[in-house]
Amino acid sequence: MKSMFNARDLAITQASAAALLFLSIPLFNLIGFSNHKLEAVLHGLGATITVIMSCQVLHLTYPMLRGKKGAAVTLERVLWLTNILVLITIILGNWLYISYRGPDGPQQWLMYRSPEAHLIVMEYKEFVSLYPLPLGIAAAVLLRRFRHALEAGSAVSGLIALLITLFWICLLLGLAFGFGLTKLKMV
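Under the numbering used here, the letters of the sequence shown match residues 586 to 772, in that order.
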């Protein structure tokens with residue numbers, strides 16, 4: 586008897602359900618008691634979508650490393666789109682940072698209760714979240730410059746893969762520390 590679903594249908598259903606649940610996390614800020622719900626939701630959605638897109642960028646790196654024809658062009662397009670999302674998320678994060686530093690904001694709360702947590706969670710998160718933009722732009726520029734000359738196992742493709750991997754790791758760290766910060770004290 587032939588199966589009603591094939592593997593592709595199940596994979597698309599699983600990915601859609603995971604993305605929907607993952608994207609719903611920042612929307613829970615709408616339920617909170619903050620005066621800065623709009624900034625928090627926009628920054629959270631931007632960060633979540635950016636991390637999802639960076640996973641796609643990392644996934645598209647493997648065909649480029651194998652030297653598949655046309656993989657570099659697809660990777661470059663998705664990487665530039667992700668870089669734009671990273672920039673928008675950084676801008677939204679700076680907008681939210683105003684309320685973080687405001688009177689009776691999370692910074693004062695953390696500094697009073699645990700200055701070490703502020704230094705580790707927020708200061709580290711702030712810096713690690715800014716690294717993906719130059720890493721992604723560097724990878725995209727290298728990809729643009731060498732995309733027609735990339736071969737399987739070349740040093741340039743390895744460097745691009747390293748930059749994209751660091752890009753992805755920094756985005757994941759920023760997202761994890763951002764979630765941690767909101768668990769300690771919401772903006």
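Source of the hints: derived by calculation from the structure; they are not laboratory data.
Hints may be right or wrong, so weigh each one.
[As the list claims (entries may be wrong)] When the alpha-carbon atoms are kept at most 35 Å apart in a straight line, the in silico DSBU-like pairs for lysine-lysine are as follows:
| hint | residue 1 | residue 2 |
| --- | --- | --- |
| 1 | Lys768 | Lys710 |
| 2 | Lys622 | Lys710 |
| 3 | Lys654 | Lys768 |
[What the hints assert, rightly or not] The following label-pair restraints were derived from C-beta to C-beta distances:
| hint | residue 1 | residue 2 | range |
| --- | --- | --- | --- |
| 4 | Tyr697 | Pro648 | 48 to 56 Å |
| 5 | His644 | Leu715 | 20 to 28 Å |
| 6 | Leu757 | Tyr697 | 43 to 51 Å |
| 7 | Ala603 | Glu736 | 32 to 40 Å |
| 8 | Val741 | Cys640 | 34 to 42 Å |
| 9 | Asp594 | Gly655 | 50 to 58 Å |
| 10 | Asp594 | Arg686 | 14 to 22 Å |
| 11 | Ile597 | Arg686 | 21 to 29 Å |
| 12 | Arg729 | His644 | 44 to 52 Å |
| 13 | Leu704 | Trp680 | 31 to 39 Å |
| 14 | Ile683 | Arg662 | 32 to 40 Å |
| 15 | Arg730 | Trp680 | 29 to 37 Å |
All C-beta atoms, glycine included, are put in the ideal place defined by N, C-alpha and C.
Check: Honestly, do Tyr697 and Pro648 meet the 48 to 56 Å range at C-beta?
Finding: 51 Å, holds
Checklist line | Pairwise beta carbon distance, Ile597 to Arg686, judged against the given window 21 to 29 Å | finding: 43 Å, violated
Check: Does the Cβ distance between Ala603 and Glu736 fall inside 32 to 40 Å?
Finding: Holds: the Cβ-Cβ distance is about 34 Å, inside 32 to 40 Å.
Margin query: Checking one constraint from the list: CA of Lys622 to CA of Lys710, max 35 Å. Satisfied?
Written below: 20 Å, holds
Margin query: For the hint 14 to 22 Å, verify it against the beta carbon of Asp594 and that of Arg686.
Written below: 48 Å, violated
Next item on the list: Kindly confirm whether 50 to 58 Å is satisfied by the beta carbon distance between Asp594 and Gly655.
Entry: 25 Å, violated
Next item on the list: Confirm or reject the claim that Leu757 and Tyr697 have a C-beta distance inside 43 to 51 Å.
Entry: 30 Å, violated
Check: Given a hinted range of 34 to 42 Å, is it respected by the beta-carbon distance of Val741 and Cys640?
Finding: 23 Å, violated
Notebook entry, point to check: Is 20 to 28 Å right for how far apart the beta carbons of His644 and Leu715 are?
Noted result: 24 Å, holds
Margin query: Within 44 to 52 Å: is that where the Cβ-Cβ distance between Arg729 and His644 falls?
Written below: 20 Å, violated
Notebook entry, point to check: Has the given pair, Lys654 with Lys768, been kept, meaning a C-alpha gap of at most 35 Å?
Noted result: Violated, because 45 Å separates the two Cα atoms, which is more than 35 Å.
Next item on the list: Starting from the range 31 to 39 Å, see whether the pair Leu704 and Trp680 falls in it by beta-carbon distance.
Entry: 23 Å, violated
In this structure, the hints that do not hold are numbers 3, 6, 8, 9, 10, 11, 12, 13, in rising order.
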